[in-house]
Amino acid sequence: MSATDDRIRTFIETKFKPRAGGRQFDDDTPLFTSGIVDSFGVLELIAFLEDAFAIDIDVNRFEVRDFDTVRKVASLVATISGAPGGH
Amino acid sequence: MFIEPRFVVLVALCWITLSIAPARFRSHTLAVFGVAFYALFAPQALWLVAGLTLVAFACVGRRAKWAGIALVVGLLAYYKRPVGLMAAGGAGIGPLADSPLVPLGLSYLALELIHYMVERSRGRIKDRSLPNLAAFVVFFPCRVAGPIKRYGDFTASVAQANGSSRDVYIGCYRILAGLFKKVVLADLLNGVAATADAATTPEVAWKAMAAYSLALYMDFSAYSDFAIGVSRVMGIRVPENFNWPYLSTNIQDFWNRWHMSLSTWVRDYVFSTVGRQLFKTPLRHRPGVIATASYFATFLVVGAWHGLAINFLVWGAYHGVLVTLFHFYKAWLPDSVAASRIYQSRVVSAGGVVLTFALVTIGLVFFRMDVPHAVRTLRLMLFM
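Read top to bottom, the protein sequences are chains X and D.
Residues 1 to 87 (our numbering) make up the first sequence, in order.
Residues 88 to 471 (our numbering) make up the second sequence, in order.
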């Protein structure tokens with residue numbers, strides 16, 4: 001678990017209320033396919049990641065499924081920012 | 088068309104040829120039978136389709152991509168322009184198939200070609216095979232009324248097709264389900280829906296429009312069943328188009344279940360593109376404005392794709408309003424309410440289903456009728 005994971009998880013928990021209705025939520029919970037994050041939420045998530053981690057996400061290189069879990073998002077951020085391995 | 092003898096013969100011959108042809112010639116086979124389909128059913132559209140296929144194949148590079156997309160969109164707009172009765176959005180022009188003025192399948196073909204050009208430009212389509220592209224473009228089971236395919240998924244499915252007896256069984260079952268929906272349910276409901284034009288009371292107007300909503304679903308999903316079923320008989324899987332849309336508990340849920348191959352297309356190529364660009368502007372700190380603009384742009388495109396008549400644009404704008412309102416509703420709904428047992432109960436869900444169906448049905452008034460008739464029917468339905 002890293003600071004990157006924490007920031008992403010906190011943003012998602014604050015913004016998208018993934019635990020609403022008693023849903024289970026962890027780093028491997030599907031965000032998009034489960035309906036926690038909708039199409040606009042993906043855009044908000046990308047904007048947050050760019051601001052928070054000072055990166056530029058080229059959406060042509062990634063698909064929605066690359067943003068589907070906290071773990072995948074953190075891995076994507078690590079890849080773009082050149083951090084080793086991520087997890 | 089799907090039950091015409093010449094179509095059935097075409098399917099049978101294609102299936103037999105696919106069964107005996109070496110795997111490396113599957114795309115060639117599908118391309119040849121796709122051309123045969125156009126030669127049989129719409130020979131005048133064949134050159135246009137062939138030309139657009141070559142244009143899409145040749146459009147390599149950023150500028151060429153945009154030129155290709157402009158050509159496809161321009162042609163679609165030309166053929167979808169309001170002409171005569173179409174200007175008033177005449178009844179009967181629906182989403183199932185193009186009007187007689189539009190070259191067969193162009194609406195669906197256009198979206199698939201744009202997808203191909205964009206994804207190739209993004210580097211996600213690396214395959215440079217003209218036979219594969221031709222097979223994708225003229226794949227005849229999906230040419231009349233979709234579903235709108237994705238190139239990578241389609242070519243992978245063609246490569247894996249093995250024409251098993253299980254595929255034939257599942258495909259035939261799906262075709263029969265479509266036949267039942269079309270011949271029994273849709274035609275029955277269309278009889279009730281026909282009374283909408285002459286409705287003089289709110290009860291009759293609601294009954295007729297509710298029947299129209301259901302008939303449209305039965306009709307359209309039946310066409311999708313035919314397309315999916317015929318494809319499956321050949322061992323090829325194409326996208327699903329419907330997932331019980333009238334069980335949706337809200338309007339966003341509805342668009343995740345209705346005409347899914349179109350809604351995912353506009354999500355990927357209109358909504359995300361518009362939203363992403365707006366997030367790069369000073370509006371970045373006003374996400375509500377971006378959401379509103381993105382949803383409106385998306386649903387206006389959906390409306391325009393069905394026809395460049397006022398009634399389709401009104402229908403699209405109406406859904407833009409609904410989805411935008413739902414977006415803000417979700418954002419403003421207190422966590423405590425959203426998580427409450429009452430809000431999560433089946434009763435509230437059932438209420439959501441009824442409300443969503445009513446809202447969709449109200450919108451379909453503009454889908455079915457020209458604007459003056461739609462306004463008259465709407466006033467009746469809303470007791471105005």
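Think of the hints as simulated: they come from the structure by calculation, not from any bench.
Since we're looking at a predicted model, the values are computed, not measured.
Positions of the beta carbon are idealized from the N, C-alpha and C atoms, including for glycine.
Treat the hints with care, since some could be wrong.
[Claimed, not checked] Restricting the straight-line Cα-Cα distance to at most 20 Å, the calculated cross-link-like pairs of lysine to any residue (SDA-like) are: (1) X:17 / D:418; (2) D:213 / X:71; (3) X:15 / D:413; (4) D:294 / D:467; (5) X:17 / X:32; (6) D:417 / X:58; (7) D:417 / D:395; (8) X:17 / D:294.
[Said to hold, decoys possible] From the derived model, a few chain X residues whose C-beta atoms are all more than 10 Å from chain D: (9) 2; (10) 39; (11) 60.
- Quick check: which numbered hints come out false for this structure? Hints 2, 6, 7, 8, 10, 11 are the ones this structure does not satisfy, whereas the remaining hints hold.
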